[in-house]
Structure formats: C-alpha cells, structure tokens
Amino acid sequence: MEAIIKADRLSKDYKIYKDHKGYLGALRNLFDRRFTLVHAVNDVSFRIYPGELIGYIGPNGAGKSTTIKMLTGLLVPTSGEVQVNEFIPWKDRKDYVKHIGAVFGQRTTLWWDLPVRDSLELLKHIYEIPSDRFKQNLDSFRAILELDAFMDTPVRSLSLGQRMRADLCAALLHDPKLIFLDEPTIGLDVVAKQRVREFIQFINAKRGTTILLTTHDTADIAKLCKRIMIIDHGKILYDGEFDELIKYYGGSRVLSVEFAEFYQDPTIDQAKIIQRDGVNVIYSFKREDISASKLIHQLSEKYRIRDLEVQDQAIEDVIRDIYENQLLYN
Amino acid sequence: MNAFFATIHTSFRRQLTYRAANLSGLFTNLMFGFFRAAVLIALYKEQTSVNGLSINGAVTYAGLTQSLIGVMSFFHWYDLMHTVYDGRVGADLLRPINYFSYWLGIDIGRALGALIIRGLPLFLVFSVFYDITLPESLIQWNLFALSILFALLISFSWRFLVNLASFWTPNALGIGRFAFGLSWTLSGFYFPLALFPDWLANFCRLTPFGASLYFPIQVFIGNVQGAEIMQGFFIQVFWVVTLIILGHIVLAQGVKKLVIQGG
Numbered sequence: 522m523e524a525i526i527k528a529d530r531l532s533k534d535y536k537i538y539k540d541h542k543g544y545l546g547a548l549r550n551l552f553d554r555r556f557t558l559v560h561a562v563n564d565v566s567f568r569i570y571p572g573e574l575i576g577y578i579g580p581n582g583a584g585k586s587t588t589i590k591m592l593t594g595l596l597v598p599t600s601g602e603v604q605v606n607e608f609i610p611w612k613d614r615k616d617y618v619k620h621i622g623a624v625f626g627q628r629t630t631l632w633w634d635l636p637v638r639d640s641l642e643l644l645k646h647i648y649e650i651p652s653d654r655f656k657q658n659l660d661s662f663r664a665i666l667e668l669d670a671f672m673d674t675p676v677r678s679l680s681l682g683q684r685m686r687a688d689l690c691a692a693l694l695h696d697p698k699l700i701f702l703d704e705p706t707i708g709l710d711v712v713a714k715q716r717v718r719e720f721i722q723f724i725n726a727k728r729g730t731t732i733l734l735t736t737h738d739t740a741d742i743a744k745l746c747k748r749i750m751i752i753d754h755g756k757i758l759y760d761g762e763f764d765e766l767i768k769y770y771g772g773s774r775v776l777s778v779e780f781a782e783f784y785q786d787p788t789i790d791q792a793k794i795i796q797r798d799g800v801n802v803i804y805s806f807k808r809e810d811i812s813a814s815k816l817i818h819q820l821s822e823k824y825r826i827r828d829l830e831v832q833d834q835a836i837e838d839v840i841r842d843i844y845e846n847q848l849l850y851n
Numbered sequence: 005m006n007a008f009f010a011t012i013h014t015s016f017r018r019q020l021t022y023r024a025a026n027l028s029g030l031f032t033n034l035m036f037g038f039f040r041a042a043v044l045i046a047l048y049k050e051q052t053s054v055n056g057l058s059i060n061g062a063v064t065y066a067g068l069t070q071s072l073i074g075v076m077s078f079f080h081w082y083d084l085m086h087t088v089y090d091g092r093v094g095a096d097l098l099r100p101i102n103y104f105s106y107w108l109g110i111d112i113g114r115a116l117g118a119l120i121i122r123g124l125p126l127f128l129v130f131s132v133f134y135d136i137t138l139p140e141s142l143i144q145w146n147l148f149a150l151s152i153l154f155a156l157l158i159s160f161s162w163r164f165l166v167n168l169a170s171f172w173t174p175n176a177l178g179i180g181r182f183a184f185g186l187s188w189t190l191s192g193f194y195f196p197l198a199l200f201p202d203w204l205a206n207f208c209r210l211t212p213f214g215a216s217l218y219f220p221i222q223v224f225i226g227n228v229q230g231a232e233i234m235q236g237f238f239i240q241v242f243w244v245v246t247l248i249i250l251g252h253i254v255l256a257q258g259v260k261k262l263v264i265q266g267g
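One line per chain: the protein sequences are R and L, in this order.
Per the working numbering, residue 522 is the first one in the first sequence, and the count goes up by one each step.
Per the working numbering, residue 5 is the first one in the second sequence, and the count goes up by one each step.
Quick caveat, the hints were computed from the structure, so don't treat them as lab data.
Keep in mind that a hint or two might mislead.
[Unchecked claim] Below are the EDC-like pairs computed for lysine to aspartate or glutamate, each with C-alpha atoms no more than 20 Å apart in a straight line: (1) K698(R) / D653(R); (2) K260(L) / E602(R); (3) K619(R) / D96(L); (4) K612(R) / D96(L); (5) K768(R) / D838(R).
Here the structure is a predicted model, which means the values were calculated and not measured.
Model the full assembly from the supplied sequences, consistent with the hints where possible.
Here it is in structure tokens:
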C-alpha cells in the first residue's frame, strides 16, 4: 500500500535569540545578535498509511507540534522532505489544505460569538461542500456527537466538552482523508473524553479517515492507537505497536497488601517494597521474575494477610519511565 | 453563495450580536458629534461660509464623520493582530481561502453591521437637532455610495497592512497606534480640511486618509463638482489598487517569514 504521509530525514531548527544585557547591550542587539540553534525536530523519518490511527506522543517541547506544523504546511522544514499524497505541504499549501482537517484542543476554530451552526454553515462555503453532502455529514455528526442540544448556542457559552465536539464536527464536514488531532481531549472530564474517543474511533473505522493524534493522555493511546510514535528532543525514540512497547517496558506489576498485624520487616525475595504505611505495604515485581500467585503464596506463608490486590503498572508510569529514564536510547 | 459573501454574512451577524458595544459606541459618537458641532458653530460666529464651506456643511461634516467612525473603524482595529499573537492565524492559514479576501469579507460584514446599528441611527438623530445638508440628486447619492465603498476598501487595506506588522514584531501595538494616529490627523477628521491651510489640505487630499474620509463627505455635502469629483475618484482608485497590491506583497513576505522561522 502506498503511504499517505512520507517524511524523510525531516529536520527543523529554530534560532533562539539571546539579548545582550544593559543599555549598551540593547544597542548592540541591533547589529550583533547572538542566537542558539535549537533542533526542534532532528532527522525524523516515518511512513503513515491510509486508514491508520497513530498516536504521536512525547513530553512538552519534544517536537510534536513542530512536526505537525510541517505536515500541515505551516512550517518549512530546514532539511529533509515531506510529502502527503501528491502534495508537498508547505509548497502547495493552498491546494493541500482542502484535503486535510485539523483540531487543536487548546483553541477553537469556531466563531466565538456566534452559534455553532453559523460557523459550520460558513465552512460549507469555504470548502465548497455540495449541499447534499454537507447535510449528510452534518446529520450524521449531529447524531453521534449529540450536537443538537447546543447547535444554536454561541460558542463562548459552550462547555469545553461541547466545544470540542463542535470543533471535531467542523474539521470533518469536508470529508478530509487525513486529519490532525492535537490534544483533542485536553482538559475534558472522563465522560467527555470517552465521547471524543468514541467519535475518533468511529470516523477512523467507519469512514477510513487517517488520523494522527497527539496527546498527553495515555488512556487515549491505550484505547485508540495500535501504532504509536514517541518523540523526544526532536528524535523519534519509538515507532511501532503500542502493545509491544508495553510488553517490553511495562513488565512491572504492583501488589498492594494489607497485613493483619504490623511487621517490622515484611521483605520478600524477588519483590521490592515501593511504599509502606503501617500495615499497608505495596510491592513491585517483574512478571518474568515471579508470578503473582507464587508471590502471594510466599507472603501468606510468612505473614498474616487481611487483604490484597494485584495491578499492572499504569501505562502512564510506563511512558513516564521511558521519558525520564530515557529507556529507549539504549 | 461563495466563500467571500458567506464570510460577509457571518461577520455581519456577529457584529449584530455586539449589542452593548454598539450602543455605547453610538452614544459616545453622538455626544462627541454634538460637541464638535457646537465648537464649529462657535467658530463660524457670524460667517456663513469659510473657504467655501457653509455652516450647515460644516455641521453635516461633523455628523457624518462621527457616523462613519464605527463603519470605517479607521482609528482602532487590531483584530488581525490579535489572531497572530494568540495563534489563531495558524488555523486561518489552514483554510483554502485567500487570506486577504477572507479578512476583507470579515471587515465588510463588520462595516455593514456598524452602519445599520451605529452609523445610520446617529445620523438620523443628528439631523433632528441640526440643519444638515443632504445630497440633492440621485446621482449625488450614488456617487457618495461609490465613494464610501472605495473608502472602505482603502481603510481596510491600510488597517490590514498595519496589522501585518505583527508577523514581524511581538509588539506591533505601538506601530498600530502611530499608524492610526497618522490616519486620524491626515484624514481631516478633527476639522474639515477646507479649514486647513491650503498646502496642508491639498497634501491630505492626496493621502489614502483624505481619500477615505474627506472625499466621500465632500461628495455628500456637494462641495466638489465635475472635475474635482473625477480627480477624487481617481485618487481613491489609485489607493485601492496600490494598497491591495501592497497588502498581498507584504502578506506573502509575512507568511514566508512565519513558515520559515516559525513565528
């Protein structure tokens, strides 16, 4: 299958200017400007295929937004090549943008002081969407996103969740083959997040829309993305299946125990105490070192236990481990 | 409906939702209108005409300029600048539209809204209190309408250019204040240009500011005839074309800078 996005050795450098200090410095700034070169994106290559739903993650300042901006044509790469379908985004921006959609969780693209409906109507004309197609899409999105309750409410009066649903609808009315979702669940409550996720899943599965999703919410990734790319310091650290990553790096599990009495030293081989509070002790252990049942058996032979619970390490912790300990560099 | 007219329509509707702002704007413009009329009447004293401008013409001048403040948004407009600073410009550049036309559409919608809820009511109220001069023929009305349309195009293109400064500097507000101060002075807003010294008045007439405020009002009160009208329209068209071309050139440079340096 032909890739929909081809990025080859893509790099983007920014100049960060440093000012000279003081009055004379201010004068010097006019002629002699010092700067440091920041490699926001550094020699990044990847392929994205039609119909994929890819999670693009990384800590703040890792290079996610810069990549997205190059893919949407808002930034010219310093070096390397990017091609989306037959377009080179930054060169063919005006033709190219007809075929993509974008949602930025941090800000709306809707008209703040007008009812949702007005913004959607305007998009119909901007993208020259045929009336019947527009109606079909709008009817379908209205039903799934439950927009009817606030179609005639000014955008400024919407809750964050409602606004995000309206923005999602707005980004999809012109049937883009590819959409960029930049933190679409940011700031939403659990219910609203779930709604947004279901919708993302729906358009990916039912309409075959290719989706590149950036997020800080690992639950988004776990629920939606088969494949993820992790970027940090401008480099892609991992590009592959999410499940694989968790299997490799997320081996540790957690056993929380409530003992029936207080023990001075409730240590046990092959498990590490990570937290202790009176009779409550939390152990961490590796799947390949010892099975949960064996560990519980050993514990119950030595100590009296009132209650216990086994959990896999939270995905979030796995990802944090990867960022903080730079596990993927090795 | 094409994208341009749809944008005008949407922007018009938005302008109508700003009820409180429109009403307070109307009230302020009206009060200053009365004040300016009073000053002019005091200045004229027994004279009926100064430099060919009658007292009624001068009072009409005050009322009309006050009515047009909101419509032309001549002296205060930073809307585009704000979208550059808060990042909305990115989303706008991801739309398949001509960025200049898009903002022009927004501005025409805004101007129409302001005309209906600020401009016209103000002029009506003004005409109740003062003896004002109206165009005497249908042709004159039409010429006035045409000159207002060109005036809006000039005014918008100028404001567009000024706002584009934000593509280069993180604080273009100062540039804006200076630029709008310039248009305020040279447009003949404070006082009819006819009351200025000749050399200054003639210079102002040639600027885009005189062309977008002073000239339409001269047409309205019938203070220009024949060749002078032709000349006025010629200056207007010159500025419309020049500023639109300039706007596109500067915009292209600004976008280039934005996509290369990442704004």
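Structure-based check of each hint:
{"no.": "1", "hint": "K698(R) / D653(R)", "verdict": "19 Å, holds"}
{"no.": "2", "hint": "K260(L) / E602(R)", "verdict": "18 Å, holds"}
{"no.": "3", "hint": "K619(R) / D96(L)", "verdict": "12 Å, holds"}
{"no.": "4", "hint": "K612(R) / D96(L)", "verdict": "17 Å, holds"}
{"no.": "5", "hint": "K768(R) / D838(R)", "verdict": "13 Å, holds"}
In summary, the structure agrees with every hint in the numbered list given earlier.
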